[in-house]
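Residue numbering for the sequence shown follows the numbering used here, beginning at 274 and increasing consecutively.
Quick caveat, the hints were computed from the structure, so don't treat them as lab data.
In this text the structure is predicted, and so the values were computed from the model without any measurement.
Don't be surprised by glycine CBs; every beta carbon is placed ideally from N, CA and C.
It is possible that some hints are incorrect.
Estimated spans, in silico, between C-beta atoms of each pair [stated by the list, open to error]:
1) Thr310 x Glu419: 26 to 32 Å
2) Thr309 x Val403: 41 to 47 Å
3) Thr309 x Thr349: 19 to 25 Å
4) Thr402 x Ile438: 41 to 47 Å
5) Ala304 x Leu368: 22 to 28 Å
6) Thr310 x Gly401: 22 to 28 Å
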Amino acid sequence: MTWPAALGLAVVAAVLAGCGPSLAQRQALRATRYATTDTTIVVAMTKALADARYRLGALRDTEVVAQIVYYRDNGTALRRETGDLSPNLPFGQGLDRVYGVVMVGRLAGISDARRVEFVPRVWLYRPGTVPMPLDPDDQQRPTWLEGHVDQLHRSLRERLRPYVIAEPPADAPAVAPAS
274 MTWPAALGLA VVAAVLAGCG PSLAQRQALR ATRYATTDTT IVVAMTKALA
324 DARYRLGALR DTEVVAQIVY YRDNGTALRR ETGDLSPNLP FGQGLDRVYG
374 VVMVGRLAGI SDARRVEFVP RVWLYRPGTV PMPLDPDDQQ RPTWLEGHVD
424 QLHRSLRERL RPYVIAEPPA DAPAVAPAS
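Using the sequences plus the hints, can you model the full thing?
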(Lines of atoms letter the chains of each structure in order from A and count residues from 1; the text may use other names and numbers.)
(Lines give C-alpha, C1' and ligand atoms only; values in the text may rest on other atoms or scores of the structure.)
Protein backbone atom coordinates (compact mmCIF):
# COMPACT_ATOMS: atom_id res chain seq x y z
CA MET A 1 0.00 0.00 0.00
CA THR A 2 1.39 3.41 -0.92
CA TRP A 3 1.69 6.08 1.71
CA PRO A 4 -1.10 8.31 0.21
CA ALA A 5 -3.48 5.32 0.30
CA ALA A 6 -2.43 4.52 3.86
CA LEU A 7 -2.93 8.16 4.83
CA GLY A 8 -6.40 8.15 3.27
CA LEU A 9 -7.28 4.96 5.10
CA ALA A 10 -6.06 6.47 8.37
CA VAL A 11 -8.19 9.59 7.83
CA VAL A 12 -11.30 7.50 7.13
CA ALA A 13 -10.64 5.40 10.25
CA ALA A 14 -10.19 8.54 12.35
CA VAL A 15 -13.43 10.06 11.06
CA LEU A 16 -15.38 6.86 11.71
CA ALA A 17 -13.88 6.52 15.18
CA GLY A 18 -15.01 10.05 15.99
CA CYS A 19 -18.60 9.26 15.06
CA GLY A 20 -20.50 8.53 18.22
CA PRO A 21 -24.16 7.88 18.84
CA SER A 22 -26.65 10.42 17.55
CA LEU A 23 -28.48 12.75 19.92
CA ALA A 24 -31.66 10.69 19.52
CA GLN A 25 -29.77 7.48 20.37
CA ARG A 26 -28.20 9.11 23.43
CA GLN A 27 -31.56 10.43 24.64
CA ALA A 28 -33.19 7.02 24.14
CA LEU A 29 -30.38 5.31 26.04
CA ARG A 30 -30.67 7.73 28.95
CA ALA A 31 -34.48 7.42 29.00
CA THR A 32 -34.41 3.61 29.27
CA ARG A 33 -36.81 2.38 31.93
CA TYR A 34 -36.39 -0.77 33.98
CA ALA A 35 -39.02 -2.98 35.62
CA THR A 36 -37.22 -4.49 38.59
CA THR A 37 -36.47 -3.79 42.24
CA ASP A 38 -34.55 -0.75 43.37
CA THR A 39 -31.91 -3.02 44.91
CA THR A 40 -31.26 -4.78 41.60
CA ILE A 41 -30.81 -1.44 39.83
CA VAL A 42 -28.54 -0.01 42.55
CA VAL A 43 -26.33 -3.12 42.40
CA ALA A 44 -26.16 -2.81 38.59
CA MET A 45 -25.26 0.91 38.89
CA THR A 46 -22.46 0.03 41.29
CA LYS A 47 -21.11 -2.60 38.87
CA ALA A 48 -21.37 -0.21 35.89
CA LEU A 49 -19.33 2.38 37.81
CA ALA A 50 -16.80 -0.29 38.79
CA ASP A 51 -16.51 -1.38 35.14
CA ALA A 52 -15.63 2.23 34.31
CA ARG A 53 -12.98 2.03 37.06
CA TYR A 54 -14.72 4.32 39.51
CA ARG A 55 -14.38 3.37 43.17
CA LEU A 56 -17.42 3.33 45.41
CA GLY A 57 -17.64 6.39 47.63
CA ALA A 58 -21.11 6.16 49.18
CA LEU A 59 -24.11 3.90 48.76
CA ARG A 60 -27.60 5.05 49.67
CA ASP A 61 -31.03 3.50 49.09
CA THR A 62 -31.48 4.99 45.62
CA GLU A 63 -28.10 6.59 44.93
CA VAL A 64 -24.53 5.47 44.27
CA VAL A 65 -21.71 8.02 44.61
CA ALA A 66 -18.26 7.23 43.20
CA GLN A 67 -15.03 8.63 44.58
CA ILE A 68 -13.42 11.53 42.79
CA VAL A 69 -11.31 10.84 39.71
CA TYR A 70 -8.92 13.42 38.24
CA TYR A 71 -8.73 13.84 34.47
CA ARG A 72 -6.50 15.67 32.02
CA ASP A 73 -8.01 17.96 29.35
CA ASN A 74 -8.16 15.06 26.89
CA GLY A 75 -10.24 12.85 29.21
CA THR A 76 -7.56 10.41 30.34
CA ALA A 77 -7.56 9.67 34.04
CA LEU A 78 -4.67 11.30 35.84
CA ARG A 79 -5.09 9.26 39.00
CA ARG A 80 -7.78 8.09 41.35
CA GLU A 81 -8.02 9.43 44.85
CA THR A 82 -9.72 8.44 48.07
CA GLY A 83 -12.12 11.37 48.01
CA ASP A 84 -9.83 14.34 48.72
CA LEU A 85 -11.21 17.39 46.87
CA SER A 86 -7.97 19.37 47.34
CA PRO A 87 -5.19 17.01 46.23
CA ASN A 88 -1.56 17.81 45.58
CA LEU A 89 -1.83 17.62 41.78
CA PRO A 90 1.32 17.53 39.65
CA PHE A 91 0.86 20.81 37.75
CA GLY A 92 3.47 21.92 35.25
CA GLN A 93 5.01 19.96 32.41
CA GLY A 94 2.08 20.76 30.13
CA LEU A 95 -0.57 20.26 32.83
CA ASP A 96 -2.25 23.61 33.52
CA ARG A 97 -5.69 22.39 34.57
CA VAL A 98 -7.29 19.22 35.87
CA TYR A 99 -10.93 18.18 36.13
CA GLY A 100 -12.12 16.42 39.27
CA VAL A 101 -15.20 14.30 38.54
CA VAL A 102 -17.51 12.63 41.04
CA MET A 103 -20.02 10.43 39.22
CA VAL A 104 -23.41 10.00 40.89
CA GLY A 105 -25.95 7.39 39.80
CA ARG A 106 -29.49 7.81 41.08
CA LEU A 107 -32.89 6.27 40.55
CA ALA A 108 -35.70 8.34 39.09
CA GLY A 109 -39.26 7.63 38.03
CA ILE A 110 -42.14 5.74 39.53
CA SER A 111 -41.60 2.46 41.35
CA ASP A 112 -42.74 0.12 38.56
CA ALA A 113 -40.72 1.82 35.80
CA ARG A 114 -37.44 3.20 37.10
CA ARG A 115 -34.91 5.26 35.17
CA VAL A 116 -31.31 5.88 36.10
CA GLU A 117 -29.54 9.21 35.90
CA PHE A 118 -25.75 9.39 35.95
CA VAL A 119 -24.88 12.94 36.99
CA PRO A 120 -21.24 14.05 36.95
CA ARG A 121 -20.24 16.66 39.51
CA VAL A 122 -17.22 18.49 38.15
CA TRP A 123 -14.55 20.76 39.63
CA LEU A 124 -11.89 22.63 37.69
CA TYR A 125 -8.44 22.72 39.31
CA ARG A 126 -5.80 25.27 38.27
CA PRO A 127 -2.44 25.86 39.92
CA GLY A 128 -2.64 28.22 42.88
CA THR A 129 -6.44 28.58 42.87
CA VAL A 130 -9.34 27.12 44.80
CA PRO A 131 -11.15 24.29 42.95
CA MET A 132 -14.09 25.76 41.03
CA PRO A 133 -17.32 23.76 40.70
CA LEU A 134 -18.65 23.72 37.13
CA ASP A 135 -22.40 23.87 36.48
CA PRO A 136 -23.92 21.49 33.90
CA ASP A 137 -24.24 24.32 31.35
CA ASP A 138 -20.78 25.82 32.04
CA GLN A 139 -18.69 26.28 28.87
CA GLN A 140 -15.58 25.09 30.73
CA ARG A 141 -17.02 21.60 31.30
CA PRO A 142 -15.03 19.02 29.33
CA THR A 143 -16.65 17.83 26.11
CA TRP A 144 -15.62 14.20 26.69
CA LEU A 145 -17.71 13.98 29.86
CA GLU A 146 -20.95 13.15 28.01
CA GLY A 147 -19.21 10.17 26.43
CA HIS A 148 -18.34 8.87 29.91
CA VAL A 149 -22.00 9.21 30.94
CA ASP A 150 -23.17 7.43 27.77
CA GLN A 151 -20.76 4.55 28.45
CA LEU A 152 -22.19 4.15 31.95
CA HIS A 153 -25.72 4.01 30.54
CA ARG A 154 -24.68 1.40 27.94
CA SER A 155 -23.04 -0.74 30.62
CA LEU A 156 -26.10 -0.45 32.86
CA ARG A 157 -28.52 -1.31 30.06
CA GLU A 158 -26.45 -4.39 29.19
CA ARG A 159 -26.54 -5.55 32.82
CA LEU A 160 -30.29 -4.94 33.13
CA ARG A 161 -31.32 -6.11 29.64
CA PRO A 162 -33.98 -8.58 30.94
CA TYR A 163 -35.69 -5.73 32.83
CA VAL A 164 -35.78 -3.13 30.03
CA ILE A 165 -39.29 -1.86 29.34
CA ALA A 166 -39.79 -1.76 25.58
CA GLU A 167 -40.91 1.59 24.28
CA PRO A 168 -43.32 1.72 21.33
CA PRO A 169 -41.81 3.11 18.10
CA ALA A 170 -42.22 6.86 17.73
CA ASP A 171 -44.42 6.44 14.65
CA ALA A 172 -46.68 3.76 16.21
CA PRO A 173 -50.33 4.77 16.59
CA ALA A 174 -51.51 5.42 20.11
CA VAL A 175 -53.57 2.67 21.70
CA ALA A 176 -57.08 3.82 22.60
CA PRO A 177 -57.94 3.32 26.28
CA ALA A 178 -60.42 0.54 27.02
CA SER A 179 -63.83 1.78 28.05
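Report task. Determine which of the earlier numbered hints do not hold for this structure and return their numbers in increasing order. Result -> 3, 5, 6
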